[in-house]
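Now for the letters of each chain:
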Amino acid sequence: MMKNTIRIERAIKNITQAELADLVKVSRQTINAIESNKYIPSAVLALKIAKVFEKKVEDIFSLEEKDWQ
Amino acid sequence: METQFLFPYRYKRIGWFVLIPFFALSLAYSITGQVYDLPFLTFTFQEEQKSSLYQDDSFLFSLHQENFTNEVLGIGLLIGLILTAFSKEKIEDERIKHLRLESLLWAVYCNSLLILVAIIFIYGGLFMTVMTYSMFTPLIFFILRFNWLLWKEKKQSIQILI
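Quick note, the sequences are listed as chains D and Y, same order.
For what it's worth, the working numbering labels the leading residue of the first sequence as 1, then goes sequentially.
For what it's worth, the working numbering labels the leading residue of the second sequence as 1, then goes sequentially.
Chain D extracted, bound-state conformation (with noise of 0.2 Å):
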């Protein structure tokens, strides 16, 4: 399933699940399932998290081979 760097991205810019959560108006629940990759952000709650780290999606989000299966 889609991966994607938000942890890294969170260390970074030192930022809890919970800032981050509140920043994208989304539950912290929410963020925590796209960071252990249970749960596939929709393409518009992806752009604002790449907006939040000011980064391109492409940057945080990308493609497994499992996701053209």
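These are calculated hints, taken from the structure and not from any lab test.
By construction, the Cβ of each residue, glycine as well, lies at the ideal position given by its N, Cα and C atoms.
Mixed in with the good hints, there may be bad ones.
Here are some chain D residues pointing at chain Y (derived, C-beta under 7 Å) [unchecked claim]:
no.: 1; residue: THR16
no.: 2; residue: SER27
no.: 3; residue: GLN29
no.: 4; residue: ASN32
no.: 5; residue: ILE40
no.: 6; residue: SER42
no.: 7; residue: TRP68
We have chain D; now place chain Y onto it with these hints.
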């Protein structure tokens, strides 16, 4: 993304307040039969004679009594279930909506399975009872499943924090 058909978050609490007493009363009512018919909910109607079959009745109009306890319980239970099931969460984000939809699907499957079993194994009057229950069970299954999922997640994320 706004969901059109959900009630605001504050209705969830109202839903539980309505649901719990009505659920308990309905359960008691269905177990004990009509022992708990509330007397003040009995109304008397004047009913016109329907057919000549009843002509041994010497009155032109016959009196008909109807108790509305079960109607009141049914309406209360349904309102409580709807409000509890379909009020927004505090943060109703896209994943919560996803969980909601999955739970609803699960609840419908569960209910269909029960009805299937009932069709095969239960006949006559008892089948009607099962059908009566199945007016409410999809929503009950949904509420149980959805809230269980939310609770499980909450517990998990607290453990992560610790």
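Checked hints:
Hint status for THR16(D) relative to chain Y: violated, with the closest Cβ pair at about 9 Å, above 7 Å. Annotation: SER27(D) was flagged as interfacial toward chain Y, and the flag holds, the nearest CB pair being 4 Å apart, inside 7 Å. At a threshold of 7 Å, the smallest CB-CB gap from GLN29(D) to chain Y is about 5 Å, leaving the interface hint in force. Taking 7 Å as the C-beta cut-off, the interface hint given for ASN32(D) holds, the closest approach to chain Y being about 5 Å.
Violation of the interface hint for ILE40(D) is found here, the shortest Cβ-Cβ separation to chain Y being roughly 10 Å, above the 7 Å cut-off. Evaluation of the SER42(D) hint against chain Y yields a held restraint, the C-beta minimum of about 5 Å falling below 7 Å. A cut of 7 Å between beta carbons decides the hint on TRP68(D): the least distance to chain Y is about 22 Å, and the hint is violated.
Going down the numbered hints, you'll see the structure goes against 1, 5 and 7, while the others check out.
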